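**Student:** Take a look at the letters that make up each chain.
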Amino acid sequence: MSAFKTLLATVVGLCLGLYATWYAVEQDVAFGNVRAGPWVGQLRNGTREADPYARAALARHGETPIGLTEGLSFIAREDDAGARLNPSCSYHISGPIPPARYWTISLLSPQGHLLPVPLDRHGFTSAEVLRDARGHMVIEIAASARPGNWLPAPKGRDFVVMLRLYDTALSANAGSVTAATMPRLTRGACA
Amino acid sequence: MTHKTRGRDTRFIFFPWFFGALFLAGIVHIVSIFAMPWLAPKDAFARMAAAAPAHQLILLPDPTPQSGAPYDDPALVQGVCRYDLSQGRLRLRAMLPPDELLLMSFHGRQGQVYYSMTDRSATRGVLDVLIVTRAQLDLVEANDKEDELPQDLRIIAPTLEGFILLRSLSERPSLREEARQRISSMSCGLDGEGKP
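Those sequence lines, one after another, are chains F and G.
Under my numbering, think of the first position of the first sequence as 1, with each following residue one higher.
Under my numbering, think of the first position of the second sequence as 1, with each following residue one higher.
Same shape as in the complex, but just chain F:
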């Protein structure tokens, strides 16, 4: 009876421990994430100070993050209202982008891979995006073609939005990232 209980406790302990590890790695549990509106930045990944959870997740996914002096990378899995990005809705990205030498906005699958989209248009860079006379820009994420900066979304496939700021003054002070300085991600019409 006692041997059985020991065995059971061992098996339960092993499974629980490995499950916790799997969960932490797949859900990207990491400390020191920066949140600003819908944007989440794992800024310490690009430094020697990445925590053990971040290191484990990076190794598991084979990711190569950019270094903190190269730029900052943010991911949005939700819109401004906190709702998960819905593939049957259109979205607008507008408003301020923190000062950077270049920025890019791109659409990826929740696992971080490219999506099969029309025109192979996966994102925009600050150099190519169309701006109005006052310098404002709006990027529209939609499954069907739009005038202006149309970022095609794949029909019926989940996506996330990535914002990267290259050679930005923010690097030195990641604490200065607030929702007011970041672009808005608002939901438009839903099919």
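A couple of the hints might just be wrong.
[What the hints assert, rightly or not] Far from chain G by the CB rule (all over 12 Å, computed), these chain F residues: (1) G95; (2) G135; (3) G188.
[Said to hold, decoys possible] Label-pair distances were calculated between CB atoms; the ranges are: (4) D152(G) <-> A179(F): 40 to 48 Å; (5) R176(G) <-> S144(F): 23 to 31 Å; (6) Y23(F) <-> F23(G): 12 to 20 Å; (7) E78(F) <-> R93(G): 38 to 46 Å; (8) D28(F) <-> S67(G): 15 to 23 Å; (9) S121(G) <-> R187(F): 37 to 45 Å; (10) G156(F) <-> A49(G): 32 to 40 Å; (11) D28(F) <-> D84(G): 27 to 35 Å; (12) A50(G) <-> D28(F): 20 to 28 Å; (13) P41(G) <-> K155(F): 28 to 36 Å; (14) S144(F) <-> S67(G): 24 to 32 Å; (15) Q151(G) <-> C190(F): 57 to 65 Å; (16) D84(G) <-> S144(F): 44 to 52 Å.
[Unchecked claim] Now the stretches of chain F that chain G is said to cover, found in silico as 3 or more residues with beta-carbon under 8 Å: (17) 16 to 26; (18) 59 to 71; (19) 103 to 116; (20) 124 to 131; (21) 156 to 170.
Worth flagging that the hints you see were computed from the coordinates, not collected in a lab.
Note that the coordinates shown come from a computational prediction; the quantities given were computed from them, not determined experimentally.
Every residue, glycine too, gets a C-beta built ideally from N, C-alpha and C.
Assemble chain G onto chain F, guided by the hints.
**Tutor:** Below, chain G without anything else, positioned relative to chain F:
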């Protein structure tokens, strides 16, 4: 008290087993998290080792929905130079065109970034980086001329094996070839090769 049988409180009879299992789970969790960078089969270094021979600058293929590393920026063209310092020092040299964004990150064996910079770090458009171990640095410094400042940037790598990722921004899709050119014009290899 119905829980009492033969003088023992059965409510607590499973407690040692419960806490034992929880304790073991904690240890397994911590050990596996710390072991992950050493055990993960598809980590960044394994990917680079499959894509590029050591001490050579190789352009990585453009990502597709089926291939490529997760969370890479599709606007970047990437090149990699993998190294093994047990075979010698590594030198990265480039003449950089003014004001074209070039990102450089230096990764250790577990993929971690131990140094990073952009083209802005180049002096007068010239980039000269030497990747060394602590012992190799001592050797290099011993051979430095005393009245001259070294012209290269010397970085001590935390692990013998690692890789340098060079990323160049293609401002628009039609400029991708230029971005590729900027990377393939750089040179990366064992230090001292091809010199008298």
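**Student:** All hints are to be evaluated individually against the structure, with a verdict given for each.
**Tutor:** Taking the hints in turn, this is what the structure says about them:
1. No Cβ of chain G approaches the Cβ of G95(F) within 12 Å, the least distance being about 21 Å, so the stated non-interface status holds.
2. Separation of G135(F) from chain G is adequate, the least Cβ-Cβ distance of about 18 Å exceeding the 12 Å criterion.
3. In this structure G188(F) is separated from chain G by more than 12 Å, as the shortest Cβ-Cβ distance comes to about 23 Å.
4. At roughly 43 Å, the beta-carbon separation of D152(G) and A179(F) lies within the given 40 to 48 Å, and the hint holds.
5. The given range of 23 to 31 Å is respected by R176(G) and S144(F), whose C-beta atoms sit roughly 26 Å from each other.
6. Range check, Y23(F) to F23(G): about 19 Å between beta-carbon atoms, so the 12 to 20 Å window is met.
7. Against the hinted window of 38 to 46 Å, the Cβ-Cβ separation of E78(F) and R93(G) comes to about 44 Å, which satisfies the hint.
8. At roughly 22 Å, the beta-carbon separation of D28(F) and S67(G) lies within the given 15 to 23 Å, and the hint holds.
9. Evaluation of the 37 to 45 Å hint for S121(G) and R187(F) yields a pass: the beta carbon distance comes to about 41 Å.
10. Between G156(F) and A49(G) the beta carbons are some 37 Å apart, a value that agrees with the proposed interval 32 to 40 Å.
11. As the Cβ distance of D28(F) to D84(G) is approximately 31 Å, the hint placing it in 27 to 35 Å holds.
12. Distance hint check: the CB atoms of A50(G) and D28(F) are about 25 Å apart, consistent with the given range 20 to 28 Å.
13. Between P41(G) and K155(F) the C-beta distance comes to about 34 Å, which sits within the given range of 28 to 36 Å.
14. The beta-carbon spacing between S144(F) and S67(G), approximately 28 Å, falls within the hinted interval of 24 to 32 Å.
15. One distance hint, 57 to 65 Å for the beta-carbon pair Q151(G) and C190(F), holds here, with the actual separation near 59 Å.
16. Between D84(G) and S144(F), the C-beta spacing of about 51 Å keeps the proposed range 44 to 52 Å intact.
17. With a threshold of 8 Å between beta carbons, the proposed coverage of the stretch 16 to 26 of chain F by chain G holds, since 7 of its residues qualify and at least three are required.
18. Proximity of the stretch 59 to 71 of chain F to chain G, defined as three or more residues with a beta carbon under 8 Å from a beta carbon of that chain, is established by the 13 residues found.
19. By the rule of at least three residues with a Cβ nearer than 8 Å to a Cβ of chain G, the coverage given for the stretch 103 to 116 of chain F holds, with 10 such residues.
20. Interface restraint, the stretch 124 to 131 of chain F with chain G: holds (3 residues with C-beta to C-beta distance below 8 Å; minimum three).
21. Under a criterion of three residues with beta carbons nearer than 8 Å to beta carbons of chain G, the stated coverage of the stretch 156 to 170 of chain F is upheld, 4 such residues being counted.
The structure agrees with every numbered hint stated previously.
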